[in-house]
Amino acid sequence: MPHNLLIVDYSLGHPGSVHDAWAFRSTRVYEEHATLLQDDHWIWADSAYPLETWCIPPFKKPRNGRLTKDQKTFNYHLSKV
Amino acid sequence: MSHHMTTKISELIRNQCYETELLPGPTMPCQSARTELLNDLDQAMLGLSQLRHTLAVEELNELLSGSSNSDSNSDLMIITPPSPLTPNISDLSESSSSAASDGRTNAIIQLQVSILALQDEIRQARVLHRPDEPPPRASQLHLLVHFEAHRPHLFRQKLRVDPEIFDDILDLISDHPIFHNQSNNPQLPVAIQLAIFLNRAGHYGNAISLEDVAQWAGISIGSVVNCTNRVMGALLDQHDHFVGFPALDSQDAEHARDFVQSQTCSEWRNGIFAIDGSTIDLYAKPGFHGEVFFDRKSKYSVGCQVSLSF
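First to last, the protein sequences are chains A and B. When you line the first sequence up against the numbering used here, it's residues 1 to 81, in that order. When you line the second sequence up against the numbering used here, it's residues 1 to 310, in that order.
The set of hints was computed from the structure by calculation and includes no laboratory data. Ideal Cβ positions, reconstructed from N, Cα and C, are used throughout, including at glycine. This list has only true hints and no planted wrong ones.
Pairs of lysine-lysine residues, derived as DSS-like cross-links and limited to a Cα-Cα distance of at most 27 Å, are as follows:
| hint | chain 1 | residue 1 | chain 2 | residue 2 |
| --- | --- | --- | --- | --- |
| 1 | B | K299 | B | K285 |
| 2 | B | K297 | A | K60 |
| 3 | A | K61 | A | K80 |
| 4 | A | K61 | B | K297 |
| 5 | A | K61 | A | K72 |
| 6 | A | K80 | A | K60 |
Covered stretches of chain B, going by a simulated chain A footprint (3 or more residues, C-beta under 8 Å):
| hint | segment |
| --- | --- |
| 7 | 246 to 253 |
| 8 | 259 to 271 |
| 9 | 288 to 297 |
Chain A on its own, in the form it takes in the complex (with noise of 0.2 Å):
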């Protein structure tokens, strides 16, 4: 079921040279997360977002380093959500 893709919450206006990880503190999902996303639900992200107990981006390259293949086989999938 392709469902619908309803717009829960957005931010505008930061100026373009801010980052999207600070712009996302001004949303109301970061400042609400408790009550808007209680009983173990999460946001997927993408790799410029901090990592939370709600909010879930792939894993980052560490510096001289690589992902194991099962980091890998978790981002893979999570591109296709």
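Following the hints, position chain B against chain A.
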């Protein structure tokens, strides 16, 4: 009788003046109308001067034939007729001997004065410029009707939505009071206003200059702006119906969990939201704190963060 003639001519000229200057007809260019009137007045002035000249000559002849003295003629003969275009009015008041010709000369002087007054009026009249011809209008909106039926991809290219979505949006905003003002000049149909808005909203920069949209829709630039603003107002009033956080125990949330599980696995079914950001390019560098808007892609933009649920 001569006085009657005065009023008649000045009325005539005045009427012509009002007809062509103040209420210009669609085919009469104002600039040439002004010149034309001035030419007419010059002609009238010339005619009057010639008339005065004739009168003066007649008067002289009467004087010559009436009096036996012919020695003083040489002085009188030197009198020059007034210059036709710039008559010297004070010069006209020199009294002629006969009372009968006095009346006629006065009438002519009155006429000349009123002509001068009319010339002043015409020169000082300021008429807003009207283009010779109203710009032709050739709306291309009717193409959308054809696109909707036979070429939906062109419809989508122009308005950035499918015809069905267009109709849905139209149904949602048609009743909005902003489209129903109590004016004697009815607004454009809401469908056209929505089409103009969607076209503008879906394009960027040179592709969608006001002039181009105005020509595309066959309306004025001001109407393009008005339509856009009205539709935007009507759409924003629907904001809370379409943007809002769903309750996690709602039917929608359950659908979303099922969807995510079908795409991934049962452990991930609670990840029904996703977030990402994008920058929205600005048309130009902002005047205040412009550099702050310079982004990592070397453009000036504002940020936009969107969370959505599946």
